[in-house]
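Based on the provided sequences and hints, a complete structural model is requested.
Sequence lines, in order, name chains R and U. So the first sequence is numbered by our numbering: it starts at -6 and just counts up by one. So the second sequence is numbered by our numbering: it starts at 119 and just counts up by one.
Everything labelled a hint here was simulated from the structure, so no lab data went into it. Hints may be right or wrong, so weigh each one.
Result set (SDA-like, lysine to any residue): computed pairs, CA atoms no more than 25 Å apart in a straight line [unchecked claim]:
(1) LYS314/R x GLY180/U
(2) LYS32/R x ARG181/U
(3) LYS314/R x VAL292/U
(4) LYS314/R x ALA212/R
(5) LYS32/R x GLY180/U
(6) LYS314/R x ALA143/U
(7) LYS32/R x ILE184/U
Part of the chain U face toward chain R, derived, beta carbon under 10 Å [unchecked claim]:
(8) ALA143
(9) HIS146
(10) GLY148
(11) ILE149
(12) PRO152
(13) MET164
(14) SER166
(15) ARG170
(16) LEU173
(17) ALA176
(18) GLY187
(19) TYR297
(20) ARG301
Every beta carbon over 12 Å from chain R, so not counted as near; a handful from chain U, in silico [claimed, not checked]:
(21) ALA133
(22) GLY169
(23) LEU237
(24) VAL292
(25) ARG307
(26) ARG343
(27) GLY358
(28) ARG373
(29) GLY393
(30) HIS394
(31) GLY399
(32) GLY406
(33) MET489
(34) ALA523
No residue lacks a Cβ here, since even glycine has one placed at the ideal position from N, Cα and C.
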Amino acid sequence: MALSAQVVSALAAIVGETGIVVSPEGRMTYECDMHTFYKGAPDVVVLPTSAEQVEAIVGVCRAHRVPIVPRGSGTGLIGGAMAPAGGVMVSMTRMNAILEIDLASRCATVQPGLINLWLTRAVAGRGWFFAPDPSSQMVSSIGGNVSTNAGGPHCLKYGITTNHVLGLEIVTGRGERLRLGGKAPDPPGYDLVGTAVGAEGTFGLVTAVTVRLLHAPEAVKTVLAAFRSVVEASQTVSAIIAAGMIPAALEMLDAAMIGAINAGTGAGYPADAGAVLLIELDGPRAEVEAQGVRAAALCREHGALSVSVARDEAERALLWKGRKEAAGAVGRLTAAYLLQDAVVPRSKLPDIMREMAAIGERQGLLIANVFHAGDGNLHPIICYDDRDPAQLARAKEANESLLRACIALGGSVTGEHGVGVDKAKNLPLQYGEADLNFMYRLRGVFDPRGLMNPGKLLPSHPACGEGFRPARPVLPEGAWV
Amino acid sequence: MPGGSQGEGRAGGLASAEGLAGLRACVHCGICLPQCPTYRVLGEEMDSPRGRLYLMRAVAEGRLDITDGYTRHLDLCLGCRACETACPAGVPFGRLLETARGDMERRRGRGRPGLRGLLLALFPHPDRVGALLALARLYRQVGLQRLVRARGWLARAPGLAAMDVLLDRLPAAVPVPEYLPGREPVRGRVGLLAGCVQRHLYPDVNRDTARLLSLAGWDVVTQARQGCCGALDLHAGRLGTFRRRARALTAAFPRDLDWVVTNAAGCGSAMREYGHWLPDGEAAALAGRTRDVSELLADADLPLRPLPLTVTYHDACHLAHGQRVRAEPRAMLRRIPGLRLVELADSDLCCGSAGIYNILEPEMAGRLAEMKVESIVETGATAVATGNPGCLMQIAAGLRRRGSAVEVVHPVTLLARAAGVGEP
Ligand code: SF4
Ligand code: SF4
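What follows is the structure, given as structure tokens:
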């Protein structure tokens, strides 16, 4: 659907000639996010610099019934920031200011395009940090983190994005600019902030976010343990959690990822291990020391080949650089892959890792693993050659089998990446008809015309709001409670 | 066949197996975005490394033609290779860009040369640069520069205006001896690349480099007749010309040198790439022997006296990203007694110089210079050191525009002062 010249000039009048992208080459680069499998170029991209401009853009789109797709840094893994129905893409990259830092209230207010890590950088010198740390934090935007309710390695202890958002300003699909929540704790009435976090742009466009800041812990200890196999490493994870410890982070990488990351970042993980665990402990110094000793002992009890502790901040930073850049390092293994975000109860980790190995073998595909072991959030990376249709078919089959295996073990279809277009079709595995219909009605309250990020988050798009019927009545009896 | 002189590198376009493999290594993760200067300024995907790679791949796979739009986004790329440093997937962005520009150059063909063609005809020729500078000196001495600036005659030619500003510094020629024996005990023999721009605009840096190397025990050979390293042609995608220059420069140096030393990051980076573009033979061997001056002087035995200065350091792109040399220049400065080195925020973000980029893309270059100067001033340092003539000019012009008195120097200049071999 090409936009009328009238719409384009109305948008250009709002953001100026340098704030709008109409060229075919320009639009092409916006046709996908990190999930390059799903492509849909917008008809035009606008790059607003203020909430007022965003409000005006939504006004124009409402008047002409044009779909709106928000985009932050385009690092999402679910096809959230692409335009399946064309329309106007609103890129938030120029709205990246820190509006206020209020340490007395332990919070900061930022524009949505601000890169996650830049907030921590701005306050680190004074001993503070922003806790949610998706692995993409060196590039992903806080607006995108809010929209997908992103998690990250340290969310095991500190909680996910929603636990750190105090207030939101959003321009809804009705064209109203709302201020939800705020600095003061426990605002009266409905928890609309909680509702809007993770809405993936289906309620409207986030124009400002007030987030909680935390004071950095007194001590941090990072332990690296190498194991013969992922199964042994998984058993160790269960043991650590069962011992009552809550590490700040508890990450696992398998042999394929260790190789790719070592080549990509020089992180220097033990090259001959079948799996490594990255265990981070933080808090008061005495407690961290004691926990470090216990965690190391548990690793050894479970057959660790080696256990080492990062000696200084530089060594620790390098270990984390390796882990955080894992998604990019995958480029050293394969040009194309399917990435999952499923969750299993922690105690089932050894089972699912065995099952995964079997699936990979059956389909003849490499499945690499790097994930948040501490909360059972898996990120299997199913590698295939996109020039071979047969391999793609096998990869999809492996993907499907894996997802079902996770659900059968009492898990969930997505942990932290969000739903987007990629996982919308899987929601009926997890929710009943009434649940999904209610979500549709809720979406309609914020966006009655169905213009905000259409095709994302909820499966299929019923003609008129109400009346969702699951495409496939697939809920296995008792699989999901 | 790698590199016939008339076919501008016809052998390996983007669509070659090598080109496609490089492009397919990009998994679209975006980790490179915040490191890209043009993305930092514009926030636009098509002017980011990921976007540029996406377009290059579309061209390589035949889904997109080499359109004006495509050319524009690749022209706006500084070739700074910050994205390459950032990329965990090992995407060889610099080579892909040069290959893409080779493809573009073939399409551009022999059309109107324009400002770009003019510059490419000028800089790789030390004699022509020298002649032009003589003219420029005249231009200033007879007061023409003041007149031109007062009348705003260059307002409609931003590229020339940028040149006018950069040319503010026109030193007198300083001879560098063809042979300077090393102080005993002699460690070996090195060649010094004089550089097309360096030898005319910063001749004292060459002189100081030679003196310091000699002091550190190296016999230093600096032939008067060296050609150009070919860096500008390489970055412009004129691969055939580049290969010709690379061969000629290789032939100009004696074969028994331990090292060939450069003090211009852009030249060193291009020379270290010789092995890729001319895989077998002498040029590849020269690439293996090329070192930045800081790599030889960082831990050399030098008598140094105190220099009470607060200095900050800007990473030239073709040193930090192109040659992965970051620690040595800093170490070289830190060893000067009394000198306090303070870190510069975003020290490895391009200053906008990038070869002839600042003349071709004055607007983007100007924005980047402003950002760089802002960070420099914030450090409170009284001098900023950087190891590339382009950066020296660009940052000096930026500081001048801001009315700042911060001194801009090559690290070698400070080391020479401390060693008592520089001037004054
Ligand atoms: S070039 Fe590297 S860092 Fe940039 S998007 Fe591609 S894989 Fe990621
Ligand atoms: S070479 Fe520099 S300007 Fe070009 S894409 Fe990479 S980081 Fe950006």
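Right, here's what the structure says about each hint:
A threshold of 25 Å between alpha carbons decides the hint, and for LYS314/R with GLY180/U the separation of about 36 Å lies outside it, so the pair is violated. Under the criterion of a C-alpha separation no larger than 25 Å, the hint pairing LYS32/R with ARG181/U is consistent with the structure, at around 14 Å. Taking the CA atoms of LYS314/R and VAL292/U, the gap is about 47 Å. The hint is violated against a cut of 25 Å. Using a Cα cut-off of 25 Å, the hinted pair LYS314/R and ALA212/R holds, with the two alpha carbons roughly 19 Å apart.
Proximity of LYS32/R to GLY180/U is assessed by CA-CA distance (about 17 Å); at most 25 Å being required, the pair is judged to hold. Distance hint between LYS314/R and ALA143/U is fulfilled; the C-alpha atoms sit about 19 Å from each other, no more than 25 Å. The hinted pair formed by LYS32/R and ILE184/U meets the criterion: a straight-line CA distance of about 21 Å does not exceed 25 Å. The restraint placing ALA143/U at the interface with chain R holds, with a minimum CB-CB distance near 5 Å, inside the 10 Å limit.
Hint on HIS146/U holds. Least Cβ distance to chain R is approximately 5 Å, under the 10 Å limit. Hint on GLY148/U holds. Least Cβ distance to chain R is approximately 5 Å, under the 10 Å limit. Hint status for ILE149/U relative to chain R: holds, with the closest Cβ pair at about 5 Å, below 10 Å. This hint holds: PRO152/U has a C-beta 6 Å from the nearest C-beta of chain R, less than the 10 Å allowed.
For MET164/U, the suggested interface contact is upheld, since its CB lies about 4 Å from the closest CB of chain R, less than 10 Å. Because the smallest distance between the Cβ of SER166/U and any Cβ of chain R comes to about 8 Å, under 10 Å, the interface hint for this residue holds. At a threshold of 10 Å, the smallest CB-CB gap from ARG170/U to chain R is about 8 Å, leaving the interface hint in force. Interface hint status for LEU173/U: upheld, as the beta-carbon distance to the closest one in chain R is roughly 6 Å, under 10 Å.
A least Cβ separation of about 7 Å between ALA176/U and chain R falls short of the 10 Å threshold, and the interface hint therefore holds. With a least beta-carbon distance of about 4 Å to chain R, the hint placing GLY187/U at the interface is held under the 10 Å criterion. Taking 10 Å as the C-beta cut-off, the interface hint given for TYR297/U is violated, the closest approach to chain R being about 41 Å. At a threshold of 10 Å, the smallest CB-CB gap from ARG301/U to chain R is about 36 Å, leaving the interface hint violated.
For ALA133/U, the non-interface assignment is confirmed: its Cβ lies about 14 Å from the closest Cβ of chain R, beyond the 12 Å cut-off. Consistency note on GLY169/U: stated as away from chain R, yet its beta-carbon is not over 12 Å from all of that chain's, at 4 Å minimum. For LEU237/U, the non-interface assignment is confirmed: its Cβ lies about 26 Å from the closest Cβ of chain R, beyond the 12 Å cut-off. With 12 Å as the threshold on Cβ separation, the claim that VAL292/U sits away from chain R holds: the shortest Cβ distance comes to roughly 41 Å.
ARG307/U, annotated as away from the interface, keeps every beta carbon of chain R farther than 12 Å; the closest lies near 34 Å. At the 12 Å boundary, the C-beta of ARG343/U stays outside the reach of chain R, the nearest C-beta of that chain being 42 Å off. Remark: the non-interface label on GLY358/U is consistent with the geometry, its nearest Cβ contact in chain R lying 27 Å away (cut-off 12 Å). With a cut of 12 Å on Cβ distances, ARG373/U stays outside the contact zone with chain R, its closest approach being about 34 Å.
Non-interface status of GLY393/U relative to chain R is upheld: no Cβ of that chain comes within 12 Å, the nearest being about 20 Å off. Under the 12 Å C-beta cut-off, the non-interface status given to HIS394/U relative to chain R holds; the minimum distance is some 19 Å. Non-interface status of GLY399/U relative to chain R is upheld: no Cβ of that chain comes within 12 Å, the nearest being about 29 Å off. Here GLY406/U stays apart from chain R, with its beta-carbon at least about 22 Å from theirs, past the 12 Å limit.
No beta-carbon of chain R is positioned within 12 Å of the beta-carbon of MET489/U; the least distance is around 14 Å. With 12 Å as the threshold on Cβ separation, the claim that ALA523/U sits away from chain R holds: the shortest Cβ distance comes to roughly 27 Å.
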